[in-house]
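2 protein chains.
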Amino acid sequence: MSTLSVKHYVEIPVGSLDNNKADIDRLNHAITEATSAPHIEWPLDLILEAASVLRETSGKVTVAGSIVRDTLMVSSIEPGDTSQRNFGMAVDIGTTVVAVELIDLTTGATLATFGEVNGQAEYGEDLLTRLHFAGQGGSETLTGVLRDTINDLVNKACTSAGISPSEVMAVTVAGNTSMAHFFLGLNPAVMRFEPYIPSINHIPRLRAKDVSLITAPNATVYVFPSVGGYFGGDLISGAIASGISENEGTSLLLDIGTNVEAILGNKEWMVAIAGSAGPALEAGVAECARRAEPGAIERVTIDPATFEPTYSAIAGETAYGFCGSGLIDLVAQLYLSGLLDSTGRFVLEKETARWREINARMSYVLTEGANGQTPTYITEKDIHNLLTTKAAMIAATTILINSVGVALKDIEHVYTAGSFGIHIDVDSATTIGLYPKLPKERFVTLGNGSLAGARAVLLNAERISEAEHIADTITYLELNVHPEFMDIFRSASYI
Amino acid sequence: MSTLSVKHYVEIPVGSLDNNKADIDRLNHAITEATSAPHIEWPLDLILEAASVLRETSGKVTVAGSIVRDTLMVSSIEPGDTSQRNFGMAVDIGTTVVAVELIDLTTGATLATFGEVNGQAEYGEDLLTRLHFAGQGGSETLTGVLRDTINDLVNKACTSAGISPSEVMAVTVAGNTSMAHFFLGLNPAVMRFEPYIPSINHIPRLRAKDVSLITAPNATVYVFPSVGGYFGGDLISGAIASGISENEGTSLLLDIGTNVEAILGNKEWMVAIAGSAGPALEAGVAECARRAEPGAIERVTIDPATFEPTYSAIAGETAYGFCGSGLIDLVAQLYLSGLLDSTGRFVLEKETARWREINARMSYVLTEGANGQTPTYITEKDIHNLLTTKAAMIAATTILINSVGVALKDIEHVYTAGSFGIHIDVDSATTIGLYPKLPKERFVTLGNGSLAGARAVLLNAERISEAEHIADTITYLELNVHPEFMDIFRSASYI
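Going down the list, the sequences are from chains R and D.
Each step along the first sequence adds one to the number in my numbering, with nothing skipped, and position 487 is 487.
With positions in the second sequence counted from 1, the corresponding number in my numbering is that position plus 495.
To be clear, the hints were calculated from the coordinates, so they are not data collected in a lab.
Because the structure is a prediction, the values reported are computed rather than measured.
In this text, a Cβ means the ideal position worked out from N, Cα and C, and glycines have one as well.
There may be inaccurate statements among the hints.
Said to hold, decoys possible - A few chain D residues that face chain R, going by a derived Cβ cut-off under 10 Å, partial list only:
(1) 523
(2) 539
(3) 692
Kindly generate the complete structure, drawing on both the sequences and the hints.
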């Protein structure tokens, strides 16, 4: 097990008439003795640097590199012993938010985690708008702002940890197929249309300078492979984080974010389904959603006569916002009180002071907000998000299970990734059918599975083979064109 | 046996919902089926190009690349079938003259050969002057003008053959160790001093854009390895051209140019010696030397009483200049007539109208020149060149033969390369001791052996392993510091 960037300090004996091999040849000899890779690949700019550094230090240098098959791809040469300063950056390119995690590859510790809105949002909140803009000549712009966002995060993470970005020797990037294309500088606009075919799935190892990153210019950059237009490297990375491909027993991975993505499998086989659940989930679960933490509303009832709510919040703070179970209670109570029909539309004929237009959208106000806080409310869009996601997840899970003939009860673990997984607790999600009905102890929340997989590869480069193998061998079903999908989706779209 | 650049025309089926692999992944699959290399390496700029070209041509493309171990390094992707347009450029970087040869890799034909003065000459006629300039901050300048010279020649060769430089997919470069360093952008100035250690001997495969060549930007560039400061890739290339490392019997390779370089060996072992014979040979054999062709003076006698010469020239043209045998005759006659002492100095006390200052150097004028031609003359510098070269060659050959205990008579072939080899015929060279005394039929003139080896590698990439193996395993003796050298050299420096 070796980290994605390896560093070796070597001392090259000073050349003499009897040992008159060239400086860099002697260095190469010393490095191949120290690593398992029989071959070394130097970019020319580092050869020029090596020539000077070797002479200036009388041969006392540290060489950083990354092993690709049988070759050490050199990423840096530094004077003296810097072998303990070896840093990697995991990057998760979400359509909405980009997140980075700075790892000390010597200790395995996370030194900093930062996230910010994907700079592309300025050119379209949802992916389809950006793909349309890319198709109109905006592709380079979108590549530029995405790389700017990543570099800004790299800079923030490094500054907070007190290291220089040039000390980052390895970068792992997980993102959906379109984001991977934008990151590389490829125009993904054609993927909007059938047969939704990407330009590239398996991406060769890059160097940071190729994609304008502010890390060490020759830092190795690994981008997780995609499988199809709707099945990106973020899901492969999530699979790596879950360990699903290492388990004897069969597990299910559910990633609920912009798209619905699910993997069912074990170390022998894997089958996946992915597709768009509509653009509704872009902005998150619901405007007033929050984690299940002190102050979050977790139980709601609505009086069917007065339409006035009562609620209880997790103790400790002033009640504001709702966690997943609060959201589900609220939707169920709106329906039971007659304020919501079974398709998810407000019944505005029922008069109540709780109806209010907020941000130009009709809302049901749950709390007025205390101490200057904004109200807690729910919109039809929030409800539609929940119903659509539920329907898509039910359809995806049903199709996957039917396709391989596994019984639901035989699924040993359900790994959940994506923003829904964080905001909704397992009990609530199981109740409304978002998660399959299985004992609570089988559920494992990965949080940002995509970022976790990117970190896992930084710490153990051998998992790259696993990621590539998953992408090569997984059976991938396109959700949106699957014959069963619309039937199941429609019947599951109601409350 | 495959050429250094290989091209494959493929037709990639149009993607569909059932065959929804990414475009470039499908292309990679088709290419690995067509080549022996299981892996493919794409530079990012060509991935971007491939994405467009594949769509524009509905998957009908030609991919050019070069196989390095188990990997096809892609150098170009072109629309349609261009597999028959596959060109390579052999480059010999001499200190004095740079030569190129444009090869059609499909037919093996030479399409053009051009040579011109190395642009570095402006900054110093001889190598030591240039190394001094490089040590004073002139290294980048010398790299720039050298690359300019090469690009000028590439342009001339391509223009004359009616192809675009961007169609050149492979470049092989042979030059002495300093020239290889300059070509890469490395400063070779430190090699002036003991222990004469280069920065690099084995040079990784480059791409044309790394070294600013005007060929296809990603054309593969192979630079022959050096063995030491005075033993460069030009000699390794010459060894490849001679086939010395493939022979059962033992052969000798003599390269007489700026430096004295000699290899003795066979397929089992090789031993080499190289070193500076002084800066005298920079400008060529002699100012008025020419090939043994019509008009060249080949026999000279000088009247010991009047000091007037008589001569005969090869029939066909007005006599002008001398070939090798004429040069040797002339030197011998000057000595016998008393106009030259045994150390190679003119005896100017002897009065003759033949003494004349030409280009600020005292000369003996052999012919006045007819039809407006310049005179044919010889200077002390020319004579010193010949004597020094002779002495160095005798020393080198003697040391080599003594070091391995081979009898002179057992040397099956003597390959001669470099300008002396072209200008001096075997009989004359053997007479004055420049070449070892062996039957004439054992001598093989390679001409520009360095360029010939560069061409050989373009046509058969497998010979790269042979070149690298020679450089790795050859026993190399540094001529200038060898204990026997000065004794043999001094005793051989007289007429």
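(message) Is the interface hint satisfied for residue 692(D)? The criterion is a beta-carbon contact with chain R at less than 10 Å.
(response) holds (4 Å)
(message) Tell me if the interface restraint on residue 523(D) is satisfied: Cβ within less than 10 Å of some Cβ in chain R.
(response) holds (7 Å)
(request) Closer than 10 Å between Cβ atoms is the bar; does residue 539(D) clear it against chain R? Give me holds or violated. (result) The hint holds - residue 539(D) has a Cβ within 10 Å of chain R, the shortest such distance being about 4 Å.
In terms of the numbered hints stated before, the structure departs from none.
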